[in-house]
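Protein chains: 4
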Amino acid sequence: MSTLPSTETLDTSEAYDERLLSRYEAVRAVSELICEPLAIDDYQLQSIVETSPPKWHLAHVSWFFETLVLSHFRKDYRPYHPDFNYIFNSYYYTVGEMHPRPKRGMLSRPTVEEIYNYRRHVDEQMRRLMAWVDSEQWDDLAFRVTLGLNHEQQHQELLLMDIKHNLSVNPLLPAYRSDLTESPVLVSPVRWEERAGGVHEMGHAGDGFSFDNETPRHQVLMRDHRLANRLVTNQEYLEFIDDGGYQQPALWMADGWTLINQQGWRHPLYWRSVEGEWREYTLGGVRDLNPNQPVCHMSFYEADAYARWVGKRLPGEAELELMLDEQKTVDGNFFETGYLHPATALPEGQWYGDLWNWTNTSYAGYPGFKPLKGAMGEYNGKFMSNQMVLKGGCCVTPSDHIRASYRNFYYPHDRWPFTGIRLAEDL
Amino acid sequence: MSTLPSTETLDTSEAYDERLLSRYEAVRAVSELICEPLAIDDYQLQSIVETSPPKWHLAHVSWFFETLVLSHFRKDYRPYHPDFNYIFNSYYYTVGEMHPRPKRGMLSRPTVEEIYNYRRHVDEQMRRLMAWVDSEQWDDLAFRVTLGLNHEQQHQELLLMDIKHNLSVNPLLPAYRSDLTESPVLVSPVRWEERAGGVHEMGHAGDGFSFDNETPRHQVLMRDHRLANRLVTNQEYLEFIDDGGYQQPALWMADGWTLINQQGWRHPLYWRSVEGEWREYTLGGVRDLNPNQPVCHMSFYEADAYARWVGKRLPGEAELELMLDEQKTVDGNFFETGYLHPATALPEGQWYGDLWNWTNTSYAGYPGFKPLKGAMGEYNGKFMSNQMVLKGGCCVTPSDHIRASYRNFYYPHDRWPFTGIRLAEDL
Amino acid sequence: MSTLPSTETLDTSEAYDERLLSRYEAVRAVSELICEPLAIDDYQLQSIVETSPPKWHLAHVSWFFETLVLSHFRKDYRPYHPDFNYIFNSYYYTVGEMHPRPKRGMLSRPTVEEIYNYRRHVDEQMRRLMAWVDSEQWDDLAFRVTLGLNHEQQHQELLLMDIKHNLSVNPLLPAYRSDLTESPVLVSPVRWEERAGGVHEMGHAGDGFSFDNETPRHQVLMRDHRLANRLVTNQEYLEFIDDGGYQQPALWMADGWTLINQQGWRHPLYWRSVEGEWREYTLGGVRDLNPNQPVCHMSFYEADAYARWVGKRLPGEAELELMLDEQKTVDGNFFETGYLHPATALPEGQWYGDLWNWTNTSYAGYPGFKPLKGAMGEYNGKFMSNQMVLKGGCCVTPSDHIRASYRNFYYPHDRWPFTGIRLAEDL
Amino acid sequence: MSTLPSTETLDTSEAYDERLLSRYEAVRAVSELICEPLAIDDYQLQSIVETSPPKWHLAHVSWFFETLVLSHFRKDYRPYHPDFNYIFNSYYYTVGEMHPRPKRGMLSRPTVEEIYNYRRHVDEQMRRLMAWVDSEQWDDLAFRVTLGLNHEQQHQELLLMDIKHNLSVNPLLPAYRSDLTESPVLVSPVRWEERAGGVHEMGHAGDGFSFDNETPRHQVLMRDHRLANRLVTNQEYLEFIDDGGYQQPALWMADGWTLINQQGWRHPLYWRSVEGEWREYTLGGVRDLNPNQPVCHMSFYEADAYARWVGKRLPGEAELELMLDEQKTVDGNFFETGYLHPATALPEGQWYGDLWNWTNTSYAGYPGFKPLKGAMGEYNGKFMSNQMVLKGGCCVTPSDHIRASYRNFYYPHDRWPFTGIRLAEDL
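Chains as they are written, first to last, in this note's numbering: chain A, 1 to 427; chain B, 1 to 427; chain C, 1 to 427; chain D, 1 to 427.
None of these hints come from the bench; they were simulated from the model.
Given the structure is predicted, the values throughout are model-derived calculations rather than measurements.
Note that beta-carbon positions come from the ideal geometry of N, C-alpha and C, so glycine has one too.
Some clues are possibly wrong.
[Unchecked claim] Quick list of the computed label-pair ranges, beta carbon to beta carbon:
#, chain 1, residue 1, chain 2, residue 2, range
1, B, GLU114, A, MET98, 29 to 39 Å
2, C, GLU113, D, VAL169, 19 to 29 Å
3, C, ARG287, B, ASP426, 43 to 53 Å
4, D, SER71, A, THR258, 20 to 30 Å
5, B, PRO79, D, PRO102, 40 to 50 Å
6, D, SER71, C, ARG287, 55 to 65 Å
7, A, LEU180, B, PRO79, 26 to 36 Å
8, D, VAL169, B, LEU186, 21 to 31 Å
[What the hints assert, rightly or not] Taking lysine to aspartate or glutamate pairs in the EDC-like style, the calculated list, with each CA pair at most 16 Å apart, reads:
#, chain 1, residue 1, chain 2, residue 2
9, A, LYS370, D, ASP426
10, D, LYS370, D, ASP212
11, D, LYS370, A, GLU425
Construct all of the structure, not just a fragment, from the sequences and the given hints.
What follows is the structure in structure tokens.
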């Protein structure tokens, strides 16, 4: 028997904590909520190798629960479909071979309908499992479920970033949703927040969930510095463009200069000039460029070049983490505001949300870093080369997914994520 | 006013011939019939640059009527959607820029539903037009509608060839239809049909419809020769494989040798060896290889190498056309048999249908060839380089679409179409 | 003992014919004469995959004698170097594996000096062989030597075509020779030569040497037609350019249109516009464009598009062969004139030499064509797909290498050879 | 007048310091000494985009003196050749456009002879300049000459690394020199050198020359750790291979895993298995693999995977710099030993020389880093993304070119340089 007994027929485990289940239900629902505005036709798009089709995301996060939770606790668990381990594995080599990433857009089957059925099945099995495990296993279960939910939240971010890119290559420029509201248009001067150097601590502390890459907490040596309290705006970036920023090699990393010339980059990814006016493709369709909103979809190369042009630099990861840590609440323009686009900074500053902040810190393990055991160890550690750290979350990040110690990472050339520029400088 | 008055309110034209309309309705219905077994998810697949998504085919053939018929007769005709001329133009440069072919799989919008609405709209407009044009315009209309219907039939073939390839790249190997019947399994010895050489005539004759590339009818000089009365079978081709045919450079055109080694071709496209047994992916799913069925999905290079190995050659176009012309009826395993796969040859021979026969004739204009005027002139002539002629139709060709003088053409490396090998030799 | 006894110690064979040796010496000398103006540095260039380094040509033609002559007659012949069969084999799969063509430019060793030593060695062995074989073998020897010499002459053409391209990619635009004289600048109106259609004969006849692809002589059916008695000039082609010829899709084969847009072709290969004036890179360096000289380095696509623009067509192979056959002498601007560039047409016409004439005939075997046996069979037959026939020789062809039945072949996109446009039309 | 008066006719500058000239002469001579064993044919090879032809190196380092020294002090200096700024500029965008790097192998002109003449000319002008500048300019001159000489020394390293790769792609596997001696074959157990953590200082200190990227000297926070006193040997690396190291994804960075599978890496770059025995291509030709020599031509990915397999890690830059700084002398197997290959470690340890040590430190600017002004600012800073730091010099590094603070950098995938593995671990 490969599936668990139904919840009705079982005493629930002593360790059972309803909060885990209710969080499970809530997070899982958000993924489907995100996909609600899509036509079935939209579910299969893969515009570039970096993006995945929405239906693949929906299935992959379910496969994660099957593989790292259900099969872990029930050795007799029979996967929903024998081939799903092949087609919905993303990069976990320890659990077998996988379908090549660039071909995810070729998977018309399973259909969207079948994938929703798959989700239903996994959800039902997960409910039974949570009711069924005994108290000795509960901590392990809670950890694995929490990891799976954080994993799904990461894919919720990606779903929206990918949907945006996938739709953007269509000459019809369809909006993901045409009912999005725009953020208020306020002007906000930059204020600089200072910090004295010396030995500080960074990295995850406390009992709450964190990914392995946020640990161990450790000492860092910092210099006196200050950070801008908001992100660079479209208007400010326009001045860089108008000054010929994309034509001055001295502003660019050599690899970036090669890239922007090979690809012909002369402005941010989703900008287009229509009869002399800049317009921007957003999840709400094409809009006039709002000069006061943060400039978004920056590659590291563009962020770094802009900072050099303006005589500043990007923040270090530690500098930014400490500043985030100091905020009283994890508050900002996240997924829940419903803008799905970066908003103009509030007078009190712009720290969490809106756009992932590029740092000048290469993504590497902290001193003493140890990956998780087994397949879960493939989650973070193996990406610790060639990428840069980003901090703070963005306008498509679920608000309960982020924290000061959170380490996101992208390649310097990536610009389809929601990424922006915060300036820093030494004192 | 961009659309025609509805048929109810108009006297029908004097020239009006109901047969044109009924043929229109019949041909248009077949395209949709072909797509019936598809999930919406399948409509958007483009597995290789040569194939197109089914939804693109459905829209493109409708765009053809809008552009070359509706807009031609009604200068005030307003296209259904202003961007469709861009996204559903295939290669008609004279009517404007077009969406790049390799990106057809990225068009999630218009949705499948919208494309069916588009078809409804075009059909209604076409009905009105046929009722409305006056007698002077009737011949022009009839020609253009007939061209459009022949065009749509060509895409019906392509729809099935493309669907097959598009689904075949899915690791789940889904069947297009699981209810297909297989053809009878008879053994049929080859009989050779001879013809004396000398000056003969070829090319389209008579009043019936033909494409411009089948004209003018002209004289050709031929040699004494004979043709096999059926196609080469899987069993016969297996002997070539088992003899190391794919490893002997002397059998191959130089370009073919390079190709099969770069691509690692060692057997026909859809074959796969499962535990030592050959199996074949078909529109009905994976089946055991039937040794008596014609070997299919041959590139020209494979067909030519096989013929060399067996000490024969491929037929010339003229040789094959004359033999086809001699058959009493255009009869064979076409789309209507419902096999959607080549069938074993009947004792009386196998001439039309089953598989397009590669010839050793390069596709070029006949002496005195003149393309049609205007956009219709882009139909055939501009492809007259680098391709080879094929004759006879195949198991997914509508039976009323083919004739002896019909000239199909593919690149020597193409093997996703339904193509096979017929042998010939000089006497 | 792997080498032949020296000529001094041997009676020469009865069959010995001094003319073969003297022709051998003469042809071999020309290859080295062609390379005389090169710096050692120039010998190793391979600018595109189609061209080969001069040193590779020099060695390859010698390897041909080692492999198809010396080793054939002396089973104990020990090759000069055990690895040369690998690195100097061009495409003869029947004699073993070979170094990849795109990597020929990587062979700094053997050095130029060593390659000349290799040539000396092969020459000495060939002399001994010619003195040594007995009369029964003489005919076979004479055939193979003649084949080898014709092969070397083909590479002499290629040497000059390749040197031109190899040097042209250098920003210094070095001249191959700075002492070349230019042809006279005469104006010559076109005269059209007519021929009545009907059944004619073409293909090689008689005892003289020909390649296998020129045989068998056979009948062809032709139509009434006429040919221009000279090639299209730069001035005439400029009118095509100025009329937007490169921007009109209706003039181009579809594959050509794709190519010229991908590659950005807007004028012939070696043209460059310098301050509004057209200049042309030649083997004599950069020169002002001479409007009366034939336009050269045409791809088939350009030749075909030009002919369509001017309302004519390219000649068929048979049409051109018969016209060449009618000329009293094989006379024209060949290698020996020393121009190394096409010359202005003489009033009496321009048939042989100057530029290879593109025909509209796909390169294929003549009816009944049989390749030579063994490795020599790899010479021609396997290239009979995807290429077009060219006739008449060019300004870098040795004059005793060409004849009416000679069939050259290039891909439609090739434009680094000396190729030009002759017009034809039906009557 | 574009050149300086000859040294004979001038009083030498007051500031004139003969040691600068004699160092200039000595360094310049080494570049030519390195090229002495080359045939002219070898000077133009560019086997991969990362390597440059030896003749290009010889000219480029001279162009550096022309551009950053001669033209700087004499505004009327006329470059030796007007096009050399285009063809011998490597990446200095501030001084103009440049020939594309992948095409350096196409420059047969200027010839090797002309490039030696160019060197003679630059040397003569440099001598005159050093005799001519007045005392106010002397410091600037001395700095720029020293920078140019250090630049040339870097290219001396590259010359030998590039020559090795360029020759290695030749199937003849020619030796660069056949008279190289091999290092002694001693066995040396690893000893671990410990260091207590805390705040330390790193970066260049003192008056001596350093590159801008070695400054400013700054504090770093370190942990208790220890470093192996010698490099990993071939024997040790073989155990990794034999244990399936190249087949275990868990050992590899994700980007490395993708790379080794795409490229089929299963052993170090220059290793080849000949009849079951490992042999290695060296600058002295193919040799039996010496198990006690350091494993060389490691990519970062391989070094990192090996360290993970053995349960250690790579050193941080600071850890290694401090250890190097502690050595009494900069002593080791450098260019001057004449091995041109890594040597077996001596009992007292192996710190400088032999092989560049990969660190786990991403190449970035030190806190407060400021690039040099003008074109010299393009020397280092713009490469500070995507690369890793290496320390210590190697067997082709001139011994007076290296120091503890020296920062070399390569991409994680690079393996044509002389790179090796040193292990580290936390205490």
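Hint-by-hint comparison with the structure:
1. GLU114(B) to MET98(A): 29 to 39 Å: Holds, at about 34 Å.
2. GLU113(C) to VAL169(D): 19 to 29 Å: holds (21 Å)
3. ARG287(C) to ASP426(B): 43 to 53 Å: holds (52 Å)
4. SER71(D) to THR258(A): 20 to 30 Å: holds (26 Å)
5. PRO79(B) to PRO102(D): 40 to 50 Å: The hint (40 to 50 Å, Cβ to Cβ) holds, given that PRO79(B) and PRO102(D) are roughly 46 Å apart.
6. SER71(D) to ARG287(C): 55 to 65 Å: violated (33 Å)
7. LEU180(A) to PRO79(B): 26 to 36 Å: Holds: the Cβ-Cβ distance is about 30 Å, inside 26 to 36 Å.
8. VAL169(D) to LEU186(B): 21 to 31 Å: For VAL169(D) and LEU186(B) the Cβ distance comes to about 57 Å; the hint is violated.
9. LYS370(A) to ASP426(D): Answer holds: LYS370(A) to ASP426(D) is near 12 Å, not above 16 Å.
10. LYS370(D) to ASP212(D): Roughly 7 Å between the alpha carbons, so the hint for LYS370(D) and ASP212(D) holds.
11. LYS370(D) to GLU425(A): holds (13 Å)
In summary, the structure is inconsistent with hints 6 and 8 from the numbered list given earlier, while agreeing with the others.
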